[in-house]
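As you go down the protein sequences, you meet chains S and E in turn. All you need for my numbering is the position in the first sequence, starting with 1, plus 14. All you need for my numbering is the position in the second sequence, starting with 1, plus 1.
It should be emphasised that the hints constitute simulated quantities derived from the structure, not laboratory data. Hints should not be assumed to be uniformly reliable.
Take a look, some chain S residues computed to stay more than 12 angstroms from chain E by CB distance [what the hints assert, rightly or not]:
1. Trp30
2. Leu55
3. Val59
4. Arg119
5. Pro146
6. Asp195
7. Val196
8. Pro203
9. Asn270
10. Ala281
11. Lys283
12. Leu285
Think about it this way: if two alpha-carbon atoms lie no more than 25 angstroms apart in a straight line, the pair counts; the simulated SDA-like pairs of lysine to any residue are [as the list claims (entries may be wrong)]:
13. S:Lys197 x S:Lys229
14. S:Lys176 x S:Leu204
15. S:Lys283 x E:Glu118
16. S:Lys180 x S:Leu148
17. S:Lys176 x E:Ile24
18. S:Lys283 x E:Met128
19. S:Lys316 x S:Glu32
20. S:Lys197 x E:Pro25
21. E:Lys147 x S:Glu32
22. S:Lys194 x S:Arg119
23. S:Lys197 x E:Asn39
24. E:Lys3 x E:Leu53
25. S:Lys229 x S:Asp152
26. S:Lys180 x E:Glu109
27. S:Lys176 x E:Ala100
28. S:Lys283 x E:Leu124
29. S:Lys316 x E:Ala146
30. S:Lys149 x S:Asn189
31. S:Lys180 x E:Ile84
32. S:Lys197 x E:Ser29
33. E:Lys147 x E:Ala158
34. S:Lys197 x E:Ser96
35. E:Lys147 x S:Phe313
36. E:Lys3 x E:Ala45
37. S:Lys194 x E:Asp36
38. E:Lys88 x S:Gln138
39. S:Lys176 x E:Met33
40. S:Lys180 x E:Ala30
Think of the CB as a built atom: it goes at the ideal place given N, C-alpha and C, for glycine as much as any other residue.
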Amino acid sequence: MSAGNFNNTNASARSWFERLDRVDRRWIFLLMFLAVSGPILWIGVTGKTLPEAPTLAARAVFQEIDQLPARSLVLISFDYDPASAGELQPMATSLVRQCAAKNLRMVFIALWPLGSQVAQQTIQDVIRDDYPALKEGDDFVNMGYQAGNEAVMKLLLTDFAKAFPKDSRGEATSNIPILKDVKMASNFPLLISISAGYPGSKEWVQYVISAYNDKMNFVAGCTGVSAPQLYPYFPQQIAGLLGAIKGAAEYESMVNESLEVDGVATAPKYLQAQRRMGPQLVAHLLMVGLIIVGNVIFFARKRRGAA
Amino acid sequence: MKRIIPMWIAIIGGFAMMLSSFIPLAESAGEMFADVFNVVAAIAFVLGAGSLAKQHLEKLSRRDAGWGYSIITLGSFLITLFIGMLKIGIHPNPSFPQAAYSGSNDAEGSAWSWIYEYMITPLTSTMFALLAFFVASAAFRAFRAKNTEAILLLGTAFIVLLGRTFAGVVLTGWFPDWASGLRLENLSIYVMQVFNTAGNRAIMIGIALGVAATGLRILFGIDRSWLGGGDA
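Only chain S is shown next, with the shape it has when bound in the complex (with noise of 0.2 angstroms):
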């Protein structure tokens, strides 16, 4: 090769480099567009899913709920909005419906304030369609949200009709029949967290079941981004924990497992979490691709010294 060659060829690499550091933004995005919308199509179309094989974690949440007698009272805590509802709300639609099918006594409480509209559209989407013959008031309640974040967990401890004096419906809590027998947070077995941020699942931690560790057992769901701040809590505080929808997919797996009735195809709001690991996994392959693309040209600029 000439030197003239090697020099025109070096130039149009460089030039290729640095029209590529300089990329439009919006090719990027494009690229983002492609990559979750064609595992989505894919997947509506053909409706097939990718295995799961249910971590440690996964594993421990199905079965604190499935060891549960039948007609237990679980405490289930809405604690996020519908901006993270794709991220949570197929967990939260498995843990209720496994919490339906088991027979157990739900209450429903929010600590944020657009929770008690997602726990009311959960009861309507599982309990309501599915499980009709469950009664509200008898076998499930819907408390509704109260303020005060880590205060209502505290006055949770002493007295839960201060907490929450009357539920959704505006029906004093004296008179509901499933909360009879309860008089604080202790006398719930299981209490289940599915939160997006403050107050959740950590402040759950740190205000009740630090307090009642030895009485009830707590599973929790989260947000990818607050996982890791949950896992030093897994499993002595938190017995189990779902983290984002790669915990939720795990998990949803094992409950329709466990419900599958032969010949009967489990219905599309029961698979959505796994539905949202195909778009997951080829939105991560193009990030990491990305990562790779965007530090290729940083060494190549660098070995030109334009870095």
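For this one, chain S is given, so just place chain E on it according to the hints.
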């Protein structure tokens, strides 16, 4: 007075809450303060609403940049407040059929539930979904292996990104059993449960000590910075 009264409220309330965890006799005092805190938290919503209205009305009157958005904010706020307070489209509670406003705002078919389902849910979900696009762009431009720490961070990111999807199984699922610990899905769990847990515990213990120290300083009236400025 503006500083002394709030300081004493904080001191008495703080001690009552603290002692209620250790002394059964103080439990009722702690409960009372927790109850009061809930009432104060509810009042804070009114203050927050007032502050929001004041800020945007000022912006409007000064015709600051983006004042058009203030009209949308204030309009949405007032419409939602109006619908929520008047309980539009809500039937009375069956237990109290004579009381027109006894129904719940959560009731299906109400105007508030319509706002929730068709406005709040899609708007907030859209905002959250946009994150994926910006994270991808940031990963391309900023995630560089500039030094040892960055290389470690990159390696960890690859393990977790691939290990949390089926890609981990495809890439390393064929590893024999004796090397199963090196499979990406197991490595990602290892990273989360060992390195992450160790690091987070260290941070949490540090924060807890800091919170305890600051709490004691406030309880003993040494730290008064939380009271802000003003006359003593």
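Comparing the hints with the structure gives:
no.	hint	result
1	Trp30	holds (16 angstroms)
2	Leu55	holds (16 angstroms)
3	Val59	holds (19 angstroms)
4	Arg119	holds (20 angstroms)
5	Pro146	holds (15 angstroms)
6	Asp195	holds (20 angstroms)
7	Val196	holds (16 angstroms)
8	Pro203	holds (23 angstroms)
9	Asn270	holds (17 angstroms)
10	Ala281	holds (20 angstroms)
11	Lys283	holds (16 angstroms)
12	Leu285	holds (15 angstroms)
13	S:Lys197 x S:Lys229	holds (14 angstroms)
14	S:Lys176 x S:Leu204	holds (20 angstroms)
15	S:Lys283 x E:Glu118	holds (17 angstroms)
16	S:Lys180 x S:Leu148	holds (20 angstroms)
17	S:Lys176 x E:Ile24	holds (21 angstroms)
18	S:Lys283 x E:Met128	holds (23 angstroms)
19	S:Lys316 x S:Glu32	holds (12 angstroms)
20	S:Lys197 x E:Pro25	holds (17 angstroms)
21	E:Lys147 x S:Glu32	holds (18 angstroms)
22	S:Lys194 x S:Arg119	holds (12 angstroms)
23	S:Lys197 x E:Asn39	holds (19 angstroms)
24	E:Lys3 x E:Leu53	holds (24 angstroms)
25	S:Lys229 x S:Asp152	holds (23 angstroms)
26	S:Lys180 x E:Glu109	holds (18 angstroms)
27	S:Lys176 x E:Ala100	holds (24 angstroms)
28	S:Lys283 x E:Leu124	holds (21 angstroms)
29	S:Lys316 x E:Ala146	holds (12 angstroms)
30	S:Lys149 x S:Asn189	holds (15 angstroms)
31	S:Lys180 x E:Ile84	holds (21 angstroms)
32	S:Lys197 x E:Ser29	holds (15 angstroms)
33	E:Lys147 x E:Ala158	holds (15 angstroms)
34	S:Lys197 x E:Ser96	holds (24 angstroms)
35	E:Lys147 x S:Phe313	holds (9 angstroms)
36	E:Lys3 x E:Ala45	holds (18 angstroms)
37	S:Lys194 x E:Asp36	holds (22 angstroms)
38	E:Lys88 x S:Gln138	holds (21 angstroms)
39	S:Lys176 x E:Met33	holds (10 angstroms)
40	S:Lys180 x E:Ala30	holds (23 angstroms)
The structure fails none of the hints (numbered hints given earlier).
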